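> One letter stands for each residue in the lines below.
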Amino acid sequence: SQQGEEDPQALSIQEGENATMNCSYKTSINNLQWYRQNSGRGLVHLILIRSNEREKHSGRLRVTLDTSKKSSSLLITASRAADTASYFCATGSGAGSYQLTFGKGTKLSVIP
Amino acid sequence: EAGVAQSPRYKIIEKRQSVAFWCNPISGHATLYWYQQILGQGPKLLIQFQNNGVVDDSQLPKDRFSAERLKGVDSTLKIQPAKLEDSAVYLCASSLEGGPMGTQYFGPGTRLLVL
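Residue numbers (this note's numbering), protein chains in the order written: chain U, 91 to 202; chain X, 308 to 422.
Calculated from the structure, these hints are not laboratory results. Fair warning: this is a prediction, and the values are worked out from it, not measured in the lab. By construction, the Cβ of each residue, glycine as well, lies at the ideal position given by its N, Cα and C atoms. Misleading hints may appear alongside valid ones.
Unchecked claim - A short, non-exhaustive set of chain U residues, derived as facing chain X with CB atoms under 10 Å: (1) 96; (2) 180; (3) 200.
Stated by the list, open to error - Calculated from the model, a selection of chain X residues having no Cβ within reach of chain U, i.e. all distances over 10 Å: (4) 319; (5) 323; (6) 380; (7) 394.
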């Protein structure tokens, strides 16, 4: 079963605008990760936020985590056409048998 | 650093046939994962190896799917016999360690179409 649910399912913006994607999950987690997948390619790890962190930045990416609401958001600032891809949140749980559970993803289209 | 390699990239077979996928993880990565990604969905973990031992295969349909990781490096995933619903992208990933902070690195995937 998929724990994370991204919202919206699809997002279309103009180049230069900011893009915000949300993720909700159901059970307790060790961390939450965001991945990007370009069409027909594998997934690329973007950023990891631990359960005791509230916000994290990496370049044009900003991730927030609210464990009380079981939700996270990914903000991409000053979007570029190359940011066009599907974005997945993945929740990490367990210790000995650590697993990532992925959501269905948000399909982002950045129009030049 | 070379990434995760997978082959073949594409495979078309008829239902009830068998198929095998190969994965070569990043050198030195102890943990290897196989995921199934159906169109429009996120990846679903099928099996996780730590070196050459299985850590978790609870979501692997064992009546038709099998996987091995001999010598703790390369891995193969087999489907026998294939069903129409097995059409998906099969992703291999590896991580240096399988713990909570281990970033997973994904290969390009094998796109399987079962007719």
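> Next step is simple, just say for each hint if it's right about the structure.
Results for each hint:
no.: 1; hint: 96; result: 8 Å, holds
no.: 2; hint: 180; result: 8 Å, holds
no.: 3; hint: 200; result: 20 Å, violated
no.: 4; hint: 319; result: 16 Å, holds
no.: 5; hint: 323; result: 27 Å, holds
no.: 6; hint: 380; result: 19 Å, holds
no.: 7; hint: 394; result: 15 Å, holds
Of the numbered hints listed earlier, the single one contradicted by the structure is hint 3.
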